[in-house]
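Undergrad: For chain A, the structure is supplied; the task is to place chains B and C on it using the hints.
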Amino acid sequence: MVEVSSPEGKKMLFVMTTGPEDPEKTYAPLYTAALSAAMEVDTSMYFLMHAPKLLKKGAAEQVKLKKGGTLKQFIDMAMQNGVKFYVCEESLVDLCEIRPEELVGGVKVVGSSTLTDLALDADSVVSF
Amino acid sequence: MVEVSSPEGKKMLFVMTTGPEDPEKTYAPLYTAALSAAMEVDTSMYFLMHAPKLLKKGAAEQVKLKKGGTLKQFIDMAMQNGVKFYVCEESLVDLCEIRPEELVGGVKVVGSSTLTDLALDADSVVSF
Amino acid sequence: MVEVSSPEGKKMLFVMTTGPEDPEKTYAPLYTAALSAAMEVDTSMYFLMHAPKLLKKGAAEQVKLKKGGTLKQFIDMAMQNGVKFYVCEESLVDLCEIRPEELVGGVKVVGSSTLTDLALDADSVVSF
Numbered sequence: 001m002v003e004v005s006s007p008e009g010k011k012m013l014f015v016m017t018t019g020p021e022d023p024e025k026t027y028a029p030l031y032t033a034a035l036s037a038a039m040e041v042d043t044s045m046y047f048l049m050h051a052p053k054l055l056k057k058g059a060a061e062q063v064k065l066k067k068g069g070t071l072k073q074f075i076d077m078a079m080q081n082g083v084k085f086y087v088c089e090e091s092l093v094d095l096c097e098i099r100p101e102e103l104v105g106g107v108k109v110v111g112s113s114t115l116t117d118l119a120l121d122a123d124s125v126v127s128f
Numbered sequence: 129m130v131e132v133s134s135p136e137g138k139k140m141l142f143v144m145t146t147g148p149e150d151p152e153k154t155y156a157p158l159y160t161a162a163l164s165a166a167m168e169v170d171t172s173m174y175f176l177m178h179a180p181k182l183l184k185k186g187a188a189e190q191v192k193l194k195k196g197g198t199l200k201q202f203i204d205m206a207m208q209n210g211v212k213f214y215v216c217e218e219s220l221v222d223l224c225e226i227r228p229e230e231l232v233g234g235v236k237v238v239g240s241s242t243l244t245d246l247a248l249d250a251d252s253v254v255s256f
Numbered sequence: 257m258v259e260v261s262s263p264e265g266k267k268m269l270f271v272m273t274t275g276p277e278d279p280e281k282t283y284a285p286l287y288t289a290a291l292s293a294a295m296e297v298d299t300s301m302y303f304l305m306h307a308p309k310l311l312k313k314g315a316a317e318q319v320k321l322k323k324g325g326t327l328k329q330f331i332d333m334a335m336q337n338g339v340k341f342y343v344c345e346e347s348l349v350d351l352c353e354i355r356p357e358e359l360v361g362g363v364k365v366v367g368s369s370t371l372t373d374l375a376l377d378a379d380s381v382v383s384f
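Residue numbers (this note's numbering), protein chains in the order written: chain A, 1 to 128; chain B, 129 to 256; chain C, 257 to 384.
Since the hints were made in silico from the structure, they are not lab data. Take these hints with a grain of salt, some might be off.
What the hints assert, rightly or not - Computed far set for chain C versus chain A, every beta-carbon distance over 12 angstroms:
id, residue
1, E317
2, E358
3, G361
To be verified - Here are some, though not all, of the chain B residues that point toward chain C, as calculated from beta-carbon distances under 10 angstroms:
id, residue
4, L141
5, M177
6, E218
7, S219
8, S241
9, L243
10, D245
11, A247
12, D249
13, A250
14, S252
15, V253
Just so you know, even glycine gets a beta-carbon here, dropped at the ideal spot from N, CA and C.
If we strip away everything but chain A, and leave its shape as in the complex, we get (with noise of 0.2 angstroms):
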């Protein structure tokens, strides 16, 4: 095993910039946010680039899984172990197409130098 001192009470950031263009690339990363909250990690996700597309109402019961299953799944299971969703602006609007108000509930639309203070502010970052 990994030795390392108890992760509780420390901050991860996840970001994530893939899509549904490749919808095996999109569960692994909420699995892992998922598991680091549940691990009293302080955890949070930002989402840009094409990754805004995956929480508009409706998309995530789209991407179907190799696996069994769709990214439903993955994306509720962080929302409930507390991973807090944030969602690039400029990304949403600008790439994505995509209205605010689209959204699914439960995540925040920030600007992009918000991921800069999340980074800063984080113990550690791991982008996919």
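TA: Relative to the frame of chain A, chains B and C by itself:
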């Protein structure tokens, strides 16, 4: 909002692996780095894999963005804001087949081990 | 040059998500990790998504590189330099459909939560 202790004086590293093969994934890292530098964060970018192609003279002008304009304006903004540009020599020469003298001004060509130096020296690293 | 306090004794984690579907994106992470270990940095790599396919016996020899040679030499170099290899069990079994016994020697199969443990334990994380 995200509560964060003042980011001023901290160091951010953005690692860039995407090149002109995926134009819509090229500008967010540059824009985020430009904002980071504007927040008085000491900001560096490290270009490897296909990303050094973006820094060949005349190349960024050819990367047309769906939102209008080209990548050139984002590179200019990042440079004007003081972002430091590092280019991986191995990627540049072996993979991109570009000679250092073909690059735009203001970038520094460095070896692969510099990525580890920069990453360990930064307060946070975000990879794209 | 980059001024940095001595990297010796620090810990780096490289996260690897790319597999044989994009050969030119496979060797830079291994090479960078090998150099990092050579600098006496305690270096780990975590393979998830499609990346575990690179560690199936005989697979790296099939990943031909534009610059000549195959990925095998980079895996060997990283291992010889002391890089620790971790493979995500969920990606391995569910996505890559590879059994642990089909992997090359010297790698450790671990659960998804280990990624968070490794990331929080490292001084810096770079994802590819």
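Undergrad: Less than 10 angstroms between beta-carbons is the criterion; does B:V253 satisfy it with respect to chain C?
TA: holds (6 angstroms)
Undergrad: Using 10 angstroms as the Cβ threshold, decide whether B:S219 counts as touching chain C.
TA: For B:S219, the interface hint holds, since the closest Cβ of chain C sits about 6 angstroms away, which is under 10 angstroms.
Undergrad: Given B:A247 as an interface hint, is its Cβ closer than 10 angstroms to any Cβ of chain C?
TA: With Cβ-Cβ at 4 angstroms, under 10 angstroms, it holds.
Undergrad: Tell me if B:S241 is really an interface residue toward chain C, meaning its C-beta lies closer than 10 angstroms to one of theirs.
TA: This interface hint holds because 4 angstroms falls under the 10 angstroms limit.
Undergrad: Tell me if the interface restraint on B:D249 is satisfied: Cβ within less than 10 angstroms of some Cβ in chain C.
TA: Hint holds; B:D249 Cβ to chain C Cβ min 4 angstroms, cut 10 angstroms.
Undergrad: Can you verify the interface hint for B:L141: is its Cβ closer than 10 angstroms to any Cβ in chain C?
TA: OK, holds: B:L141 within 10 angstroms of chain C, min 8 angstroms.
Undergrad: With a cut-off of 10 angstroms, does the beta carbon of B:E218 approach a beta carbon of chain C closely enough for the hint to hold?
TA: Because about 7 angstroms separates B:E218 from the closest Cβ in chain C, which is inside the 10 angstroms limit, the hint holds.
Undergrad: Close enough to count: is the Cβ of B:M177 nearer than 10 angstroms to one in chain C?
TA: The hint holds - B:M177 has a Cβ within 10 angstroms of chain C, the shortest such distance being about 6 angstroms.
Undergrad: For the hint on B:A250, does the least C-beta distance to chain C fall short of 10 angstroms?
TA: holds (7 angstroms)
Undergrad: Please verify that the nearest CB of chain A lies beyond 12 angstroms from C:G361's CB.
TA: holds (19 angstroms)
Undergrad: Given B:S252 was flagged as interface, is its beta-carbon under 10 angstroms from a beta-carbon of chain C?
TA: holds (9 angstroms)
Undergrad: Beyond 12 angstroms from chain A, beta-carbon-wise, is C:E358?
TA: Its Cβ never comes within 12 angstroms of chain A, the nearest being 18 angstroms, so this holds.
Taken one by one, the earlier hints all hold for this structure without exception.
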